[in-house]
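As a plain string of letters, each chain reads:
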Amino acid sequence: MSEVEETPAAPQPLFVTTRWSVVLAAQDRSSPDSAAALDLLCRAYWYPLYAYVRGTGRAPDDAQDLTQEFFARLLARDWLRVVLPEKGRFRTFLLVAMKRFLTNEWHRGMRQKRGGGQRLLSLDTAENRFAAEPPLAPDELYDRRWAMTLLDETLARLDEEFQHAGRKHEFDCLKEWLAAERGSIPYAQIAVTLATTEGAARVAVHRLRKRFRELFRQSIAETVACASDVETELRYLVAVLSRA
Amino acid sequence: MNTPPLPACPRCGVALPIDAPRGLCPRCLAAMNLATETAFTGANAVPAQPPLSLTELAPHFPQLEILEYLGRGGMGVVYKARQRSLDRLVALKLLAPERVLDTKFAARFANEAQALARLNHPNIVTVYDFGQAGGFYYLLMEFVDGVNLRQLLRSRKLTPEEALAIVPPLCEALQFAHERGIIHRDIKPENLLLDKEGRTKIADFGIAKMLGADASNVGVLETQPAGTPGYMAPEQKSEPEKVDSRADIYSLGVVFYEMLTGELPADKLQPPSRRVRIDVRLDEIVLRALEKTPELRFQTAAELRTQVEAVVHPAMSLPASNPPHTPQTRNRAWAWIGMSAAVLAVLVGWSVLGFYRARRAMAEAQKARAQAQRVAEERALLPDAGETPADIADVPMRDLRAGDDEMKRFLLIGLLDGQSASKEGYRLLIVLPGGAGDANFSPFVRRIYKNVLDQNWIIAQLVAPQWNLAQARYLVWPTAGDRYPAARFTTEQFVATVVAEIGKQHSIDPRCVFTLSWSSGGPAAYAVSLDPATRVTGSFIAMSVFRPENLPDLAAGKGRFYYLLHSPTDFISIKMPETARDLLQAEGARVEFQTYEGGHGWRGDVYGQLRRGLEWLTKEAETGGALPGTAP
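Those protein sequences? They're chains V and E, same order as listed. The numbers in my numbering rise by one with no breaks, and the one at position 214 of the first sequence is 200. To convert, take the position in the second sequence, counting from 1, and add 626; that gives my numbering.
Keep in mind the hints are simulated off the structure, nothing from the lab. Even glycine gets a Cβ: it sits at the ideal position worked out from N, Cα and C. Be a bit skeptical, because a hint or two may be false.
As the list claims (entries may be wrong) - Interface residues of chain E toward chain V, partial, derived using beta-carbon atoms under 8 Å:
| hint | residue |
| --- | --- |
| 1 | P643 |
| 2 | P652 |
| 3 | R653 |
| 4 | A656 |
| 5 | Q777 |
| 6 | S864 |
| 7 | K868 |
| 8 | S871 |
| 9 | S1146 |
| 10 | G1185 |
Claimed, not checked - In silico lysine-lysine, DSSO-like type, Cα no more than 27 Å apart, as pairs:
| hint | chain 1 | residue 1 | chain 2 | residue 2 |
| --- | --- | --- | --- | --- |
| 11 | V | K154 | E | K918 |
| 12 | V | K154 | V | K85 |
| 13 | E | K863 | E | K918 |
| 14 | E | K1049 | E | K863 |
| 15 | E | K863 | E | K894 |
| 16 | E | K868 | E | K822 |
| 17 | E | K706 | V | K196 |
| 18 | E | K868 | E | K918 |
| 19 | E | K730 | E | K822 |
| 20 | V | K154 | E | K1184 |
| 21 | V | K161 | E | K1076 |
| 22 | E | K1245 | E | K1076 |
Unchecked claim - Covered stretches of chain V, as calculated for chain E (at least 3 residues, CB under 8 Å):
| hint | region |
| --- | --- |
| 23 | 127 to 139 |
| 24 | 152 to 164 |
| 25 | 174 to 187 |
| 26 | 198 to 209 |
| 27 | 220 to 227 |
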C-alpha cells in the first residue's frame, strides 16, 4: 500500500568510454582527442567551480580571473601531470586541483599574466547566477552546482533526442512530469494533449523517465574514470540534490 | 542585494533555484527518477517495447516517406507516411511479426486484405495496399486526420445529440460491409475515427478475424476469441465460430451506451436514462442492441439506424419499425411536416411580448444546459472509485456530493445504520488523499476503516476536484493561502461543507473531527486545521511539506492536536515536519511526531502507524484538559 512503489535500482551495463578516462589515459601524451574531451568537460562544468571560488569570499573580478586562469593552466595540461588520488572522479579532481591552485603561492606570481590570454569561458552571467545561490559552504555549493549541471546536461540531451526524432512537442508536454509523483500524473489529460491513448501516455512517461535515468548515468560516466564508479557517484549526487 | 523570495517547488516545498534545470525542481527530479525505478500501475500498463524507428523502417518501404509514429493498438503499430507516387498521406499499419513464417496465415492475410480493399465506403477507412515487408505484414490505409472516439470520450463527455449524430453513419458503414459478408468483430471507441470535418470512419475492419480467428482451426478460435472484452458480444466469447454480423450490432450498442452514460454496461444492465437525462426512447434502442441473444437484437445495422433517426428527426421517419421509404411512411412524414408548419405559423403569429418572453426562456434554458454540460464535463474528469476488491466488499461506501455541488465529491465510508454507536456521536475522519487526490485511493481508505477503526467512526474521503491540467500539476488541494486562480472554492470550504452535510444526517462527536492526509494532501490539512472557523480538532499528517508562509496565523493551532509522521529518508526534508512541530507547539498546539523507515510513501506496518496516530489523537481530544492553554 504505497503511494510510490520502489524497487532497487538495477545497475545498467555501461559500454561508454568515459570522456574523463580518455583525458586521463592520454595525460602524458599529446592527443587531440583528449584535449577536445577535456575542453568539453571544462566548458560544461566551469560554473560550479566559479561558484566555489566566489563562495570562498573572493570578489567577482578576482573569482573570474582565477577561474579563467585555472582552466587555462588545466587545459595547457600542467595540472594533469600532478598526481592526485582524486583523479578517479573529475568532480573531486577539479575541486582539489582548484584548492591547490588557490593556496599555492606561485599563482600570485602569475597575476600579471592573468586575463591576458584568450577568454576561455563566458563569465559575464556568472555573477547573476551566483547572486541567487543559497547560503551554503563553498564545498557544498560546488557539489550542488555540479549535480545541477548534470541534470541540466541530461535534460538538454533528452530534448535534443526528441527534437532529432521530430517529437519535440512530446518532450515539451511530458518533461514537467519527470518531477512528479507517479500518483499525480494525469495520464488521461496528457493523452488528450498528445492525441494518443492513456496507455500510450503512460508508456511515454515511463520511457521518458527511463531514458532520463540512462542519460544521467551517461553524463556521470563521462566524469569518472571507470564504469564501476558510476553507481557511487550517482548515489552521492542524488544525496547532494536531496539536501534542502 | 535585495532579491525577492524565490518561488517554492509545489511538491517538496523547497525554494526553486532561478536556474532550475528546465524549470523543474532538482530535488524532485532526482527523487522521482534516480533514487527509484518507475513501475507501472493500473490496467493500462503496456510492456514498453519500442516500435521500429523511422530510419529502421524506411529501407523496407522505399515507396513511402515515413513521417511519424502514430501509436500502438492491440493489432499493431501505426505510422504516418507519405506515398511518394501519389503524394498523399497514408497510414501504415504493421501487424503480426510473429506470423511472418506462417504460410497459412500469409494466405489468409492476402484473402482478407483483398476483401477489405474492395470495401469502398465514405465511413470506412479505405485499404489502399497490403503486403509483407521488413518482417511484418502491413496494410497501407487512408490517413484520417483527427481523433478516435476513445480520445474524444476521454477529453469530454458527449452530449446525447452528439452521440446520436455519430451512430447513424456507423450503422451505414456496418450495413455496407455486412452486405458484402465482412464482419468487423472488434467495434470499440479506439476503432472509430472522427476527422476534422466531423466525419466518422470505422477502422480495422476484419483485422480481428485476420489475426485471431482461423476458420480451419476451431482450437485457436476457442482459446483466442477475437475482439475486446467489454465490447464483445456474448456469443463471441462462448461460440466464436458462430459469430455473424449481429455481433457488430452488439458492440456498437456498447459504444452507444458508453457515449450516452460515460460507462460500459454492467452485468446487471441499467437503462441509460437511469444514469443520465436522455430521451427514454433511447433506452429501448440501446437495450435492444445489447440483447444477449442475437435473435432478439436488431437484425441489421440499417434497422438500428432507422430507430436512432426516428429519435433524432421524429417528423421524418416515424414509424420506426417500417423501412423508411415505403409510401405509407412518406405520407405520414408529410403529414408531420404539415403539422410542424402549422405550429410554426402559430409561433410567428405570437405577440411581440410573447416572442421576447419565449426568447428569454430559451436563453435561460440554454444557460441551464450549458451549466449542466459544464458540470458533466467536470465530473467526467474525476476518475471513478473503481472496482471493489473482495477484502473490503463488506465496508459500506456511498459516493456523495456535498451541498449539492457536483465538484464537492466525497466518499462516505462506514456503518451508517441510522444511529450512532456511542452517545457522543460518530468520530469523523476526513481523508485528503495524497498523489492526485483522486477516488482511486478509496480501496486503501476502506482498508483503513476495516483494519484500524470500529463502528464508532465514519470516514469521509474527499476527492480532489481537478479543474484543469495546470492545477493538477501544481496544486491538488487549493487553500485560502495557496490558491489556484481557477479554483471555485478552497479546501477549507470543501471540508466545512462536508462536515456540515454529514452533521445534518448523523450525530458527530465534536471533539473528534480529524483529518488524515499524506504527501500532497498535507499542506491543505495544515491550512484546514488553522482555519478559525473549522470544526476540525486534530490532524494526522504524513510525509508532507510544511510551508508556514502559505498558512494562516499558526496561533490558530492552539488547542488542536497534530500527529506528524515522516521518514528520515523522505525526499521531503524531515526538517519540515520538525519545524511544524516546533512552531505549532510554541503556539500551544499539542504535537506528536513519529518517524518510519523507507522514504516517501506508506511503508511497513501501515495500519499500525495509522492506529497509533488515531488512538493518540482520540485520547488527546477526549481528555483535552491536558493541553497547555486549554486547562481551566
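Quiz item: Between E:K1049 and E:K863, is the straight-line Cα distance small enough, at 27 Å or below?
Solution: Violated: E:K1049 and E:K863 sit about 55 Å apart, past 27 Å.
Quiz item: Quick one, is the E:A656 hint okay against chain V at 8 Å, beta carbons?
Solution: Given a least distance of 4 Å, the restraint on E:A656 holds.
Quiz item: Can the restraint linking E:K868 and E:K822 be considered satisfied, given a maximum Cα separation of 27 Å?
Solution: Violated, because 38 Å separates the two Cα atoms, which is more than 27 Å.
Quiz prompt | When the least beta-carbon distance from E:R653 to chain V is tested against 8 Å, hint result | solution = 6 Å, holds
Quiz prompt | Restraint outcome when E:S1146 is required to lie within 8 Å of chain V by C-beta distance | solution = 6 Å, holds
Quiz item: Are E:K863 and E:K894 close enough, with their CA atoms no more than 27 Å apart?
Solution: 18 Å, holds
Quiz item: Per the coverage rule (Cβ-Cβ under 8 Å, at least three residues), is the region 127 to 139 of chain V covered by chain E?
Solution: holds (count 4)
Quiz item: CA of V:K154 to CA of V:K85, is that 27 Å or under?
Solution: 42 Å, violated
Practice problem: Verify the proposed pairing of V:K154 with E:K918, using a straight-line Cα cut of 27 Å. | Solution: The given pair, whose Cα atoms are some 48 Å apart, is violated under the 27 Å limit.
Exercise. Measure nothing beyond the straight line between the CA atoms of V:K161 and E:K1076; if it is 27 Å or shorter, mark the hint as holding.
Key: With Cα atoms ~39 Å apart, V:K161 and E:K1076 exceed 27 Å; violated.
Self-check item: Given pair status - E:K918, E:K868, alpha carbons within 27 Å
Solution: 14 Å, holds
Quiz item: Are there at least three residues in the region 198 to 209 of chain V whose beta carbon sits under 8 Å from a beta carbon of chain E?
Solution: As far as the region 198 to 209 of chain V goes, the hint holds, because 3 residues have Cβ atoms under 8 Å from chain E.
Hints 6, 7, 8, 10, 11, 12, 14, 16, 19, 20, 21, counting from the list given before, are not met by this structure.
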